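What follows is the residue order along each chain.
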Amino acid sequence: MTKSKFDVVVIGGGSTGTAVARDCAMRGLQTLLLERDDIASATVGTCAGMISSGLKYRDEPDMMKICSKEVVYWNHIARHIIAKNPILAPLLDLSDAASDSSYMESYSEHVEERDVPAMMFLTPDASIEIEPMLHPEIIASVYYEEYFIDPFRLCLLQALDARNHGAEIRTYCEVIDFEINDKQEIEGVIFYNRVSGATERVETKLVVNAAGPWAHKVAKSAKDYLPIRLNKGAHVIFDRRIVNIGITVKAMDGRWIYLFPHENTTLLGTTALDTWENPDTLVASFDEIEYLLQSMETVLPSIREARIIRTMTGVRPLVPDWKVPERNVTRGYRIIDHSENDGKKGLISFLGGKLVTCRHMAEAVTDLVCEKLGKDIACSTHEKPLPGNEDDVDIIALSKEYDISLHALERMRARRGTEMVKVLELTKEHPEWKTTICTCEPIIEAEIRLSIREEFPQTLNDLRRRLRLGTGPCQGTFCTYKAASILSDELGLAGDDFLVDILDFRAERWKGIRQSMRGEQLAQEELAQGMYACVGNLDQSDVDYDVKPWEEGF
Amino acid sequence: MDLEADLVVIGGGMAGLIAGTIAAEEGLDTILLRKGQSATAYSSGAIDVIGYLPEASEPISSPEEGLFALSRLYPLHPYSVIGYDDRIESGKIVETIVERTKEAITWLKAHLDGTDAPLMGDFKSNMHPITILGTTKPTCLIQKTMDHGDVQTREDSVLLFIGITGYADFNPSTAAKTYLEDRIADTSPPRIVGHRTVQVMPFGKPYNLSSVELARHLDHEGTIEDLAEQLKGHIEQLGATHLAFPPILGIQNALKNKVKLEELTGTTVFELLGFPPSIPGQRLQRALETIFTKAGGKMLLGHEATSYQKVNDIVKSITATAPRREIKIDANAFVLATGKYIGGGIAGDEKGLRETVFDLGPVTGDYHSAMEIVPSRSTSRLSISPTGQPIQSCGLSVDPRFRPVNDDGIEWAKNLFAAGAVIAGYNYSVEKSGLGVAATSGYSAAKNAIEFIKEVT
Amino acid sequence: MDENEAFEYVKSTLKKEKITPYQSDELEIVKSIGACINCGLCINHCPVVAAVGLDRFSGPRSIAVELSRSPPEFWATADKVYLCTGCGTCREVCPKNVNIPEIVNVVRANIFEHRPDLVPKGLMIVKEIIEEHNLAFEPWEDKEEKEESRDMRLERLGLPSIPDIVKENAEVLFYPGCQAEERAQEVREAAKAILDYFDVDYTLLDEFSCCSLPSQLMGDAKTARKLAHQLKGKVKKLGVKKIVTTCAGCTSTLADLSVRDEWGAPAYHLLEYLVEEIGFEKLADALKKTAKPNDIHVSVHDPCHLIRHTSRQVMEHALNILRLMPGVRVSESVAHDNCCGGGGMVSFHASEVANSVVQENLIALEKTGAERLVTPCPLCTAQLESNLFKSGSSIEVDDLTVFIAQRLPKKG
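Chains as they are written, first to last, in the numbering used here: chain A, 1 to 554; chain B, 1001 to 1457; chain C, 2001 to 2412.
Pulled out of the complex, with its shape left as it was, chain A reads as follows:
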């Protein structure tokens, strides 16, 4: 790292933080992004990736309008990591239909620009033909279409694009303090480098606090105050696409929940519980899993027979509205300029927001940043594509050229678009790197090597976010040790660190597996124990393993 002076320091490597870094960098500002963990490691890394029309928030017409517009932009700048999501909302009785008639209209207001149809009704027969698992007694269903984006790749691409435009991206750097002068102006940021163990400082003119569920803690480090409402949401994840299209239904408490095919899995979510716990310790509870399953069972009676591989849990950093249920809290965002309320000058914080609006939020805050810095440069983040979006990719031709399986390439394309050729080029010199490492996803060795070299992962879990490593049915049982070897080779780690990487990734996967253990996941775990404890003897290993936040206190 060379620079020590910046125009702006962005705190948080989630969807918003990376979008802000990208926008600032593209407008020519000296930008540093500090993330205490990895890119997309918290809230955005536990969402379903839906870039929604804002349908659930029809009481906020401005929000719906912004959402719609943003969907159009995403399809322009990141189409390679986007997929269409057709959805059915099956109705079991007429009251279901009557209670929500307004949403059909609101949804339909902006459909044309998003290139989707207006909401429409389907007969029970048609619905069951599309999804035979549906309850045979449904009276109709409503059909509509939304879009998905790969939330991990989105954040990473924003970060990489920011870097391409001159920003510095520093992961595993946790902000612990600020340098504040007599005029209550922030002059510098002090952070702890979790990899090197060193404390570092940089000078900056402005700080954008996009720390999501830690935003109030960042404000506190600046001896300032930021009220926030944290809300826990859990998903249950199935091993494959178990439904033909997305299903939404009203849960027992009247909230909408969904079952969405997502990449090559299916996500069932979400719950909403206000929380004051440390977000790092949160896991899905038995009640949350049952709430989701029982609610979805009303329209898909056999949902429990499908293979649940894990749960995932995240925290929504909501605007602090009180006396309203989570679903009525605005999904609009707020930009808090702390200087306006006699707070610290130079500190700007985010509250609220959604994945779909992250670029919009970044544009708004960067406008403010530019104004404060006295610069007048227009935003172009909605026009310039993210890396890989430039062109279509001919998978069949590439498969012939590089002798790599079609499916491995198709999965790679969904992550990298045209940039995948960089991975393939590596195999010219190293044909052995065509070998599949993660058999579920699938991921070849060359992509793991490229990612380690260019996408700054430190752990296997970071590789998971970049490549979907270990996210399939076996949850890393078979790729953990292979990928750990490659990481160890590339980073020049010691033998003990190699074993620690294995244990760390097993711990991270187990965090989500454990809560929903049942069915074949019992066999999967018997196998994982058989490999890593019985054969590998790692249960008896004396390496320096750090107990994880969610493992403490038993």
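These are computed hints drawn from the structure, not numbers from a lab. Since we're looking at a predicted model, the values are computed, not measured. Don't take every hint at face value.
To be verified - Each computed PhoX-like pair below joins lysine-lysine, with the alpha-carbon atoms no more than 25 Å apart:
no. : chain 1 : residue 1 : chain 2 : residue 2
1   : C       : Lys2011   : C       : Lys2226
2   : A       : Lys65     : A       : Lys384
3   : C       : Lys2282   : B       : Lys1328
4   : B       : Lys1351   : C       : Lys2031
5   : C       : Lys2015   : C       : Lys2031
6   : C       : Lys2146   : C       : Lys2127
7   : B       : Lys1310   : B       : Lys1414
8   : A       : Lys400    : C       : Lys2237
9   : C       : Lys2016   : A       : Lys69
10  : C       : Lys2241   : B       : Lys1328
11  : A       : Lys422    : B       : Lys1205
12  : C       : Lys2127   : C       : Lys2234
13  : A       : Lys183    : A       : Lys372
14  : A       : Lys5      : A       : Lys323
15  : A       : Lys84     : C       : Lys2237
16  : A       : Lys344    : A       : Lys223
17  : A       : Lys84     : C       : Lys2018
18  : C       : Lys2018   : A       : Lys400
19  : A       : Lys344    : A       : Lys84
20  : C       : Lys2011   : B       : Lys1256
21  : C       : Lys2167   : C       : Lys2237
22  : C       : Lys2367   : B       : Lys1294
23  : C       : Lys2146   : C       : Lys2167
24  : A       : Lys3      : A       : Lys56
25  : B       : Lys1232   : B       : Lys1144
26  : C       : Lys2234   : C       : Lys2222
27  : A       : Lys400    : B       : Lys1294
28  : C       : Lys2011   : A       : Lys84
29  : C       : Lys2143   : C       : Lys2167
30  : C       : Lys2242   : B       : Lys1328
31  : B       : Lys1205   : A       : Lys428
32  : C       : Lys2222   : C       : Lys2167
33  : A       : Lys384    : A       : Lys422
34  : A       : Lys205    : A       : Lys3
35  : A       : Lys400    : A       : Lys344
36  : C       : Lys2015   : A       : Lys84
37  : C       : Lys2011   : C       : Lys2241
38  : B       : Lys1414   : B       : Lys1316
39  : C       : Lys2016   : B       : Lys1298
40  : A       : Lys400    : A       : Lys384
Given chain A, put chains B and C in place with the hints provided.
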């Protein structure tokens, strides 16, 4: 068309095949049903007896001593139950337990001699073979192909980990680092550990190689010579005395290949313990099947026991289902060796566990009913630790004759015996006791079944 | 948009997204695949992996944990999924019995519908033949030539010529399958001779049509359903109580169809019929009367569709029948139950793969010292025969039905 037999064994892993072989050797008409292969076939191929006492962190140096300790501390452990038969004098309990285990292990070793999976080692001391991660583990018997000779005792030994280009299941450089750090900490040889990669291309490509294609390839004539040729330079360069390979040295000719490679290179060659899909596991599975059929047992592959008929306290028959046919088999006694979650002997959902053939109620590792447990609550927050996952200790509670018992401790049927991982009360992954318990309980279940059959016929 | 237009719109979107909704009878298969724990045991036993390596055919486990997880990507499995011979070895060794052979058909059906350009050309040729003739093989153009070929075969094998019978309300429908109907006619004739010898009240179809297995295997679900429907009509019209076939593939397919489509007549292989309905006693009596038994040393090949798709017991029956034959000595080959490579339509587009699969069988067979190989399936017979011939082996191959018929005494 119905079948009849003296003994029906349900399950074709270590426990079932040993039980079946013992019965067939006794002259009993024995049918073994196998729904699929299982944990035995993907084991590392080494036979663990006891590596660690539950919750302990020091490895046991001798299985015999381990058994003495275990039988005193854990009377309900599957190794121990046999000692608590009311026919055994109280002073002979521990001795009986240790002797029976020794007998079973000795029997196994003797029977596998001359098969594709000959074993070495003995009941008196554990060995510490090296794994593909570069770690070591205590185990009782290893396949002869895994014999690393004096690498850990000879002061000037130089070990080379040999990888194969495009074979991702084994990375020699990380294994070498890990193992060397371990040896440095232990201040014992080898003091020089290196790694090299060779090319073995069964189909002309250096990528996406599987263990099975490498092993099959090395079974062919001439391939070992090629391998030796590639190794020579590497061996000279480092003065290597020992070569560690991933476990792929062959299926039928693995031991021959080891010996030949040793002759050609002047080093000690051995296989590491590996992960599934495992070739040594496959060799072990094949060897066990061979001794069973040689003894006169009949294997019914692709058949799953799906229902049973029971009159009073006697199981009369079971119905076995193949993909498109069913068959009823009458027998005088039955051995249930269906494994745990992998084998499918025990299954569970969020409401609790059940045994899958006879719908028996499993118990937890501390012998409470597991029929209504929430699996996630029978787990540890730590993924991999000496505590293990308590859910892995669930299974059937058995009496000293290995018959599954009801809540009241009375056997569920007089002629149903259980063996292997379907039994509760041990966590094989952390104890390092899997195939040992399978062998011993299979051995004992068969002895008890034979006794029962002789009484009734 | 009214509901019908809406449905059409949705279907067109699904088509664009390459989603064919799983149908209710496919849900069980999808559920079965979900049980895979990725252990890879199947890879160690898959005959195609053994024959061509994991890079060319990524193996059953990749089908379960990777290739079959996301219907919109099924098209991208076209370089792998057509190489599965459907032998079912993976399902049989799998601790969870994951139903790979069936999910392969589901995936192939998706490709057939959405990316017909990626279906191997060799399969499209078969598709056209089936569409035109309701048969998996191009039928004889000249009926007389077909009869001549039949008669030559009967004469060479010393089998009696028995006129075809077609009648309603017979006890048994004898269903020869496409191979025996059009090519290996001796199998069809031999079965008739056996049924006739034991005075079985049987009929043939008045016009033969395919059981639908080839269409299922190439993913042509529409034609498969059409053929199944057609056959049901014929079976119902004849009013038979049982269906007997001499083809392994037909055995498992007809057994399924008879249950799924409620034919009211179960389907068996002839071997099962002989053992279970005629009985060993009668069989033994008949076979003992064989005029001059020549000593012969045989080995047996187990067809996948009998042992792994139906039941291993069927081949127990075969061995028990062989044991009844005077002068017949049986040596088991270590590869007796290995796939011959002839399944899954692989030989129609990648014959080099099919032919490398069978090599292990050939090596093991030579080691038995047997002079003849018998197998109760005309398709396995053809695959083994041509490869033995190519390898210069002196071992001859007989369909087991022919082998049995040859050893029955003259009737009367």
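Hints versus structure:
1. C:Lys2011 to C:Lys2226: holds (22 Å)
2. A:Lys65 to A:Lys384: holds (21 Å)
3. C:Lys2282 to B:Lys1328: holds (23 Å)
4. B:Lys1351 to C:Lys2031: holds (20 Å)
5. C:Lys2015 to C:Lys2031: Roughly 23 Å separates the two Cα atoms, so the pair holds.
6. C:Lys2146 to C:Lys2127: holds (23 Å)
7. B:Lys1310 to B:Lys1414: Cα-Cα ~11 Å, so holds.
8. A:Lys400 to C:Lys2237: Distance of about 52 Å is beyond 25 Å: violated.
9. C:Lys2016 to A:Lys69: holds (24 Å)
10. C:Lys2241 to B:Lys1328: holds (23 Å)
11. A:Lys422 to B:Lys1205: holds (22 Å)
12. C:Lys2127 to C:Lys2234: holds (22 Å)
13. A:Lys183 to A:Lys372: holds (16 Å)
14. A:Lys5 to A:Lys323: The given pair, whose Cα atoms are some 44 Å apart, is violated under the 25 Å limit.
15. A:Lys84 to C:Lys2237: Violated: Lys84 of chain A and Lys2237 of chain C sit about 49 Å apart, past 25 Å.
16. A:Lys344 to A:Lys223: holds (8 Å)
17. A:Lys84 to C:Lys2018: holds (11 Å)
18. C:Lys2018 to A:Lys400: holds (23 Å)
19. A:Lys344 to A:Lys84: Judged against 25 Å, a Cα distance of about 43 Å means the pair is violated.
20. C:Lys2011 to B:Lys1256: violated (61 Å)
21. C:Lys2167 to C:Lys2237: holds (10 Å)
22. C:Lys2367 to B:Lys1294: Status holds; Cα separation ~19 Å.
23. C:Lys2146 to C:Lys2167: Satisfied, since the Cα-Cα distance of roughly 23 Å is no more than 25 Å.
24. A:Lys3 to A:Lys56: Distance ~44 Å between Lys3 of chain A and Lys56 of chain A Cα, so the pair is violated.
25. B:Lys1232 to B:Lys1144: holds (23 Å)
26. C:Lys2234 to C:Lys2222: Status holds; Cα separation ~19 Å.
27. A:Lys400 to B:Lys1294: Not OK: Lys400 of chain A and Lys1294 of chain B at ~50 Å, beyond 25 Å, violated.
28. C:Lys2011 to A:Lys84: Distance ~14 Å between Lys2011 of chain C and Lys84 of chain A Cα, so the pair holds.
29. C:Lys2143 to C:Lys2167: holds (22 Å)
30. C:Lys2242 to B:Lys1328: holds (22 Å)
31. B:Lys1205 to A:Lys428: holds (13 Å)
32. C:Lys2222 to C:Lys2167: violated (30 Å)
33. A:Lys384 to A:Lys422: holds (21 Å)
34. A:Lys205 to A:Lys3: holds (14 Å)
35. A:Lys400 to A:Lys344: violated (59 Å)
36. C:Lys2015 to A:Lys84: Given that 25 Å is the threshold and the Cα spacing comes to 12 Å, the pair holds.
37. C:Lys2011 to C:Lys2241: violated (42 Å)
38. B:Lys1414 to B:Lys1316: Given that 25 Å is the threshold and the Cα spacing comes to 11 Å, the pair holds.
39. C:Lys2016 to B:Lys1298: violated (53 Å)
40. A:Lys400 to A:Lys384: This hinted pair is violated, its Cα atoms lying about 31 Å apart.
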